[in-house]
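Asks: Single-letter residue listing:
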Amino acid sequence: MSTSIHLSRFRKWLLASPPIEFAIGQLRNLLVGAIRQGPVPQHVAFVMDGNRRFARTHGIETVEGHNLGFEALARILEVCYKSGVKVVTIYAFSIENFKRSKFEVDALMELARVQLSQMVQHGEILDRYGAKVRVLGRLDLLRPDVLAAVDRAVDMTSGNGNCILNICFPYTSRDEITSAVRQTVAEYSQPLPSSRPSTTSSRSPFSETHITQNIRAQAQVVKGEDVPSDTETASQSSAEGGASKHNLPNGVYENGSSFSSSSTLHLAGQPDTTNGKAAVSEPTPGKESHVFMSPETITRQTLSDHLFTYDNPPLDLLVRTSGVERLSDFMLWQCHEDTEIVFLDILWPDFDLWHFMPVLLGWQRRISKSKKNPDAEGNFDGDTSDCVEESNGKVKDL
Amino acid sequence: MVSQRDKELFRDDVRSRGTKLSAADRENLLRPYLPDPSDLPRRPPQRRKKASRRTPIRTFIKSQLHLLTYTVIHIIFGIISRLTLSYHAVVDRIFAIIYYHHRTPELIRKDVKSLKRLPEHLSVILSLRKEDDALAILMDEVAELAAWSVSSGIPVLSVYEKTGVLKSCIPVLYQAIMSKLSSYYGSPAQQPALRLFAPHHPIYNQQQGVAPSNTHNDNTLTILLLSATDGRETFVDLTKTLAEMSQSGKLSPEDITMELVDAEISEITTQPTQTTTSASLDRTTMGPSHNVSLVKPEPDLLLVFGPFLKLDGYPPWHIRLTEMFCTGGRSSGITNCDEAVEYHGFLRGLWHYAGAQMRFGR
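Line order of the protein sequences matches chains V and X. Residue 398 is where the first sequence ends in full-length UniProt numbering, and the numbering goes up by one at each step. Residue 362 is where the second sequence ends in full-length UniProt numbering, and the numbering goes up by one at each step.
Mixed in with the good hints, there may be bad ones.
Claimed, not checked - The calculated DSSO-like cross-link candidates involving lysine-lysine, where the alpha carbons are at most 27 Å apart (straight line), are:
(1) Lys180(X) - Lys167(X)
(2) Lys369(V) - Lys130(X)
(3) Lys296(X) - Lys180(X)
(4) Lys167(X) - Lys130(X)
(5) Lys369(V) - Lys86(V)
(6) Lys7(X) - Lys132(V)
(7) Lys371(V) - Lys82(V)
(8) Lys130(X) - Lys62(X)
(9) Lys296(X) - Lys113(X)
(10) Lys130(X) - Lys371(V)
(11) Lys371(V) - Lys86(V)
(12) Lys167(X) - Lys110(X)
(13) Lys116(X) - Lys296(X)
(14) Lys7(X) - Lys82(V)
(15) Lys82(V) - Lys110(X)
(16) Lys99(V) - Lys296(X)
(17) Lys130(X) - Lys372(V)
(18) Lys12(V) - Lys86(V)
(19) Lys86(V) - Lys372(V)
(20) Lys7(X) - Lys12(V)
(21) Lys296(X) - Lys167(X)
(22) Lys180(X) - Lys113(X)
(23) Lys132(V) - Lys82(V)
(24) Lys296(X) - Lys110(X)
(25) Lys62(X) - Lys86(V)
(26) Lys369(V) - Lys82(V)
Calculated directly from the structure, the hints in this document are not laboratory data.
Could you build the full structure based on these sequences and the hints that come with them?
Replies: Structure (structure tokens):
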């Protein structure tokens, strides 16, 4: 037993001795420089899992485990940025984590506050080397003093270089998606600022109101005295689900950005009263009505643009330590397409270049292979809809 | 590589909540580890001139050295990964011999009997191949998986295939699965009941002749077919509907909560449309639907039959706590990335799931 203690102490001494330390440092630099030569993932995400278990197995306090985890994070960030990764996203704290013991939550908050406020003190160095720091998540759940530190750090680094560090602080992916949906809806329910005639004339040479008037005139000619008022016609016809004679105005409205009666046709299940209401409020030219962007213009990109990671490159690699093989509400939307997910059976404080290296190499190997042979697995470009059509086409072709 | 002495200094500082060292001390501590400012890509011009004039040869040698190291590392890594691949291939073959189902449900049940837990909802990601009979192969794989799942006692199987080609041929797929089940279970009376559906599609279970009550087997298997359009596209549809409602003043953006989104998204995968004719968006009917939810919306285990773990457009909402297991690649060459759906891969996934500990909230 004593020999092993002596041995480990000797090992520690040897590793801490200046020449060995220097050699290892040089080796690290060499490896990182080598990784730089190939394709490098642009956006890497880490789930820093295993700090508590590390503390338990090593017989130290949980807080110490988190401190060591922070050191591991610093090491990995160094590797990532030196090898050319643009964006690193880390999962620091989940909204679910508030359920943990108050002591641990407080300690984590304190760690974050201390590190962020220390960072702010080194303004000059940060400006020279710094990455942009962003904190993603529900900031309203934070304590005021932590929030102040977060705000200062984010403000200070917002003008910095081209590397980004996303810290997901109280974050869950479901919350992120929900707030993206909410924001999109809020944005689309803001009436357009400009008045209707100007927007119409800028978009197309035809005037909507003119066409509507023409059609009304026609309808009155056809129907004669049947129709008591113009408003009634419009509302009835669209409530019926779009009579054929009104195809023309419907088509015109669909081109425009207004909330048109044609888009209500898609709502098969919606009660008829709203269809009528919407239609009444829309095509009446005299009444001052709100004009909205058409919801049909919402795409996947719209939603992606409302996520916290709206301006980051797509996630290329997600690494989760400690052998737990699930995402735990992290980057659900972002992981979705070509992200390679890697689960490593190692605790986060132990995580270092030596464990990250095989992951990076495997990724580089796959990417350079798929570049050589774009049909192979792991094709890198193109979005889903194109891929679907492409692969359909391929099936037919081959 | 931070030296031991500096590490200790830093740790002391952290322990005392950052009071021990002043900002200048910390900068001094940090300075040796910062890269040379001239190495930065965004350096000011006058510095670059100076730096490149100072060490042109050294920079060249350094980059050549890095390139050489890159090549060497990748050669070594390539050899190692080939070796591991072939090792795994051998192990796979051994497993395939030891564990073979022989189309006997009893054998499959025996294989999973010792497991502590089984997923209630198993999800698999399959991919369409590029051969001529890709669809036939895919359907056969689904049928095999269905047979294994029902034999091992998994009540719900969801199959994700990106293009959604399976959804267009549900009746044929139903026949394929039924014939597979009959090869496992024998006479139709002993076969488990099968329900097959996809989002926005009605449930497909033929009730020709054999009423489900007089079968001897009371197992039921529900198969859910998913495709890429059930992923992000669903959220787009939901947002469109919500935006329309908000524009007509029936809903304010603050009403959109996680619970609402969860309920709406879950409904799509758990409740098939009742009428055969309308495959349209019926989730806008907000009224309380009395459909029993057939499927637990969150899969417990996700099996990826592919060389590496990639979700490939899988619906994002429900995989929050899903265990993921990749059966691993046997694709040694570049061209044949065919991942056979094999019984031992399925079984390994189940073992893995039983061994994993479940912790909520990370």
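Asks: Determine for every hint whether it applies to the structure shown.
Replies: Here is how each hint holds up against the structure:
1. Simply put, Lys180(X) and Lys167(X) have alpha-carbon atoms about 19 Å apart, close enough for the 27 Å limit, and the pair holds.
2. Distance hint between Lys369(V) and Lys130(X) is fulfilled; the C-alpha atoms sit about 18 Å from each other, no more than 27 Å.
3. Taking the CA atoms of Lys296(X) and Lys180(X), the gap is about 25 Å. The hint holds against a cut of 27 Å.
4. Distance check on the hinted pair: Lys167(X) and Lys130(X) sit about 18 Å apart at the alpha-carbon level, within 27 Å; holds.
5. At roughly 22 Å between alpha-carbon atoms, Lys369(V) and Lys86(V) fall within 27 Å of each other, so this suggested pair holds.
6. Our distance criterion of 27 Å between C-alpha atoms is met by Lys7(X) and Lys132(V), whose separation comes to about 25 Å.
7. A C-alpha spacing of about 24 Å is found between Lys371(V) and Lys82(V), which places the hinted pair at or below 27 Å, so the restraint holds.
8. At roughly 44 Å between alpha-carbon atoms, Lys130(X) and Lys62(X) are farther apart than 27 Å, so this suggested pair is violated.
9. At most 27 Å may separate the alpha-carbon atoms for a hinted pair to count; Lys296(X) and Lys113(X) meet this at roughly 23 Å.
10. About 19 Å separates the Cα atoms of Lys130(X) and Lys371(V), which keeps this hinted pair within 27 Å; it holds.
11. A distance of roughly 20 Å separates the Cα atoms of Lys371(V) and Lys86(V); the hinted pair therefore holds under the 27 Å criterion.
12. A threshold of 27 Å between alpha carbons decides the hint, and for Lys167(X) with Lys110(X) the separation of about 33 Å lies outside it, so the pair is violated.
13. Our distance criterion of 27 Å between C-alpha atoms is met by Lys116(X) and Lys296(X), whose separation comes to about 20 Å.
14. Restraint check for Lys7(X) and Lys82(V): the C-alpha separation of about 21 Å stays at or below 27 Å, so the hint holds.
15. The straight-line distance between the Cα atoms of Lys82(V) and Lys110(X) is roughly 52 Å, outside the 27 Å bound, and the hint therefore fails.
16. Note on Lys99(V) and Lys296(X): the hinted pairing holds, with a Cα-Cα distance of about 25 Å set against a maximum of 27 Å.
17. Proximity of Lys130(X) to Lys372(V) is assessed by CA-CA distance (about 18 Å); at most 27 Å being required, the pair is judged to hold.
18. Annotation: proposed proximity of Lys12(V) to Lys86(V) is violated, straight-line Cα distance about 34 Å (limit 27 Å).
19. Our distance criterion of 27 Å between C-alpha atoms is met by Lys86(V) and Lys372(V), whose separation comes to about 24 Å.
20. The straight-line distance between the Cα atoms of Lys7(X) and Lys12(V) is roughly 13 Å, inside the 27 Å bound, and the hint therefore holds.
21. A threshold of 27 Å between alpha carbons decides the hint, and for Lys296(X) with Lys167(X) the separation of about 20 Å falls inside it, so the pair holds.
22. For the proposed pair Lys180(X) and Lys113(X), the alpha carbon gap of about 23 Å is at most 27 Å, so the pair holds.
23. Restraint check for Lys132(V) and Lys82(V): the C-alpha separation of about 15 Å stays at or below 27 Å, so the hint holds.
24. For the hint linking Lys296(X) to Lys110(X), the alpha-carbon distance of about 25 Å falls within 27 Å, and the restraint holds.
25. As the CA atoms of Lys62(X) and Lys86(V) are separated by approximately 23 Å, the hinted pair is consistent with the 27 Å bound.
26. Between Lys369(V) and Lys82(V) the alpha-carbon distance is near 24 Å, which keeps this suggested pair within the 27 Å criterion.
Checked against the numbered hints above, the structure breaks hints 8, 12, 15, 18 and satisfies the rest.
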